[in-house]
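What follows is each chain in one-letter form.
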Amino acid sequence: MNELGRLHPISVAVREMADIFGRMGFGVAYGPELEDDWHNFTALNVPEDHPARDMQDTFWVKDRPGSVLRTHATSVTMRALEEMAKTGAVEKRMINPGKVFRNEATDMTHEAQFYQLDGFAVGPTGSVTLAHLKGTFDRFYREYFGPNTKVRFRPSFFGFTEPSVEIDVWFEAPGKEGRWLETAGAGMLHPNVLRNAGLDPEKVQGFAFGGGLERLLMVKYGIPDVRLFHSGDIRFTYAFEEKKV
Amino acid sequence: MKVSLTWLQKYFDMPLPSTDAIADAFTFHAFEIEEMKGDLMDVKVLPNRAADCLSHRGLAKELSAILDAPLKQDPLRDPLPEFPQTDALMVEIEDSKKCLRYMGALVKGVKVGPSPAWLREALEAVGQRSINNVVDATNYVMLNIGQPLHAFDAAKLAQHDGRYAIGVRSAKEGEKITTLSGEEYELSPSMQLITDAHADTPIALAGVKGGKAAELTSDTIDIVVESANFDGTLTRRAAQALRLFTDASLRFQNRPSPELAAYGMRDVLALITLIAGGEVAGVVDAYPTRPEQDRTVAVSHARIDSLLGRSFTIAEVEEIFSRLGLDTSIMNDTFTVTPPFERTDLTLPEDLIEEVGRIAGYDTVPATELPPLSGAPNQARYRGIEKMKDHLVEQGFIEVSTQSFAKKGDIVLANPLDKSMPALRTSLDENMKMAIEAAKHYAPLVLAPGQKPKLFEIGTVFAKDGEKLAVKTSEPVVDLPSIEDDNAYVPVRYELGAYRPFSVYPFVVRDISMWITDSDEARGAVFALFAEHGTGLLQQVQLLDQFTNTEGRQSLAFRLIFQSFERTLTDDEVNALMAGITAALVAKGHEVR
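Chains as they are written, first to last, in this note's numbering: chain A, 1 to 245; chain B, 1 to 593.
Some clues are possibly wrong.
In the DSS-like style, the derived pairs of lysine-lysine whose C-alpha atoms are separated by at most 25 Å in a straight line are [what the hints assert, rightly or not]:
#1 B:Lys176 <-> B:Lys98
#2 B:Lys408 <-> A:Lys62
#3 A:Lys244 <-> B:Lys454
#4 A:Lys99 <-> B:Lys407
#5 B:Lys176 <-> B:Lys97
Read the hints as simulated data drawn from the structure, not as lab findings.
Model the full structure from these sequences, guided by the hints.
Here's what the structure looks like:
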């Protein structure tokens, strides 16, 4: 009997997301999980003495000062922006799906390692705005969650964006009442970040975003415990009815 | 920041709208609300606004801008008085980078006692405990305008030539202090102390907590009041190292303007003399480096529109800045703003753009789709990786994802979460070994009968010379290609149904075979009978085998899997279930073999 194998639900999700974003002109970028301080913090406008750099939030490498397990996939955005500066590109859109690490106790909703979908869109001044961020996510969530989905922004704060927003999505799980979910942090790339990448904030601008992948999947499929994802357990891979599209 | 709505109301002539409306105003224009309970609202002030908004005044000012309702009175805009001078108090700051400002006041002849009802109620409304009138006054002013304050009993300080001396210096290695709550802390030189400078003894942990040595009592008559500004990082690290997070340390770590200290001093002296009596003998102000005043930030009208993606009129922007109390001049379509001293967050044009966006409301920003780009986006690496996954799935491999931490490896973490897994994996081998063992065990639950579990993982591994993406399969694959970039490959897409929970308890497998009376109807009945007699513990029925013999009798063989979602099943229990099923089959005329 030649049975087919199965993809992990995160692979299934990333494919769906890469497809939706791909149709909006986004490529897919990867970067190192073991990062340097510059790409994970400094270049992203996270000051030297910021609490996020403390040992209780970030995994640091022994005997290698400045070496850190990336705390967000925004480090990949930073590398892509540097690449833009090097090649003289003024327009780029990328999503960065990847594993990130946080030094925090694990429970049903927290894991020390999880996936994020980060990304950015940059273009000449005026061409990529906060309204485009909204338009991009409006379309993304409608295609990913269904036509009744809406998005809204709330003010937030991240060192690497200004203005910064929290993206909420109105999600109606099958048979349940709809509710607003906090799904991603985003905003307009901070001029210091563009400058740190070697780009001219007078000439280019853009948005960046990032959010946890498992969290989205937990909501979409009703998965109760985040620790199931990276347990290596085939019962999890098989806990879903699967249909080829 | 816990705020009382009654307290906020004191800032407005107009009655505030409903709690829900206030919560929405904050949520969509400023800060998330963590909790609402009656008069109490817990506002999650964002880090860039913690310098001015960890206070009722700061949040009232925000609400005033959002609701376009003027403040009745703004303590930070009321002019400062000329404080009386005194020779009876000296202040010495060792390092002006660590202590940006220290104001000390000597107040004589106070009567320490219970606070008036309004003050007790105000503090209790935000979850604070009333202690005595003087301490309550310091806490009230802190919660009102955000300036941490402290009061010492002057009688417990040494006097030389009729003068008290307050010192601010680094702690010595191993130096100890007993705080107001009676705990003793051993300090290190990275921490800063307030001392009785004449005796060189600690009286407070700077910016964190007061010391027992100069605690106020009901006998206290003369007090020294502190309104200071300590370095944010230093204060945060001290609080963290000692695990002593206080209202004061929380505020200092967010770097409020040192200008605020004078407003705190003005208000606390007024309140103390009002409710505890006494007379202000004088105020000393050690303020080595005053920050630059009248900073300006400019932003063009075009830039606001081009970043937010909607058009504002000059008048709209002007009105928003005016509601926020930002002094603005307009020339050639450029807004030049002079932020008030407490708005330390406003330094760049983008900061002003955020103010416009959030006060106008992000709901007014349209959802605009990005214009199409020419050419296909670069997804080559991703598609190459997915091609490999599809190749393996086609050959029957199941994808798993495992942890990146390992017992041993080339890269060791300085601060592992799990001390038994301090390293990063150098290969996927160990995890695969464990995953395939488990998979073999669970195979009957999820795979077709006879299907052999085969697993793969694609994940990052970490060697001395760098990290790389590794592919691991649970058994060798003939001619497995390597991952190559391929932008033309279209990954197979799947749709998943809702998650079906699985039991974490052990399962029991029993096979059963039988001759049945030769009809399709009978076959259906057999399944129904399993379901009925499995009593909810029969998770799966798999048809293993069927044939019809030369005499026309039909044989069926099933694998039955029993499992509970609540407990481990015993053999006896499953035996009883099997006996019930067998009896029922026999009763229907089937022959169980």
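We went through each hint and held it up to the structure:
1. B:Lys176 <-> B:Lys98: 20 Å, holds
2. B:Lys408 <-> A:Lys62: Given pair B:Lys408, A:Lys62 holds - Cα atoms ~13 Å apart, limit 25 Å.
3. A:Lys244 <-> B:Lys454: With Cα atoms ~20 Å apart, A:Lys244 and B:Lys454 stay inside 25 Å; holds.
4. A:Lys99 <-> B:Lys407: 20 Å, holds
5. B:Lys176 <-> B:Lys97: 23 Å, holds
In this structure, none of the earlier numbered hints is contradicted; all agree with it.
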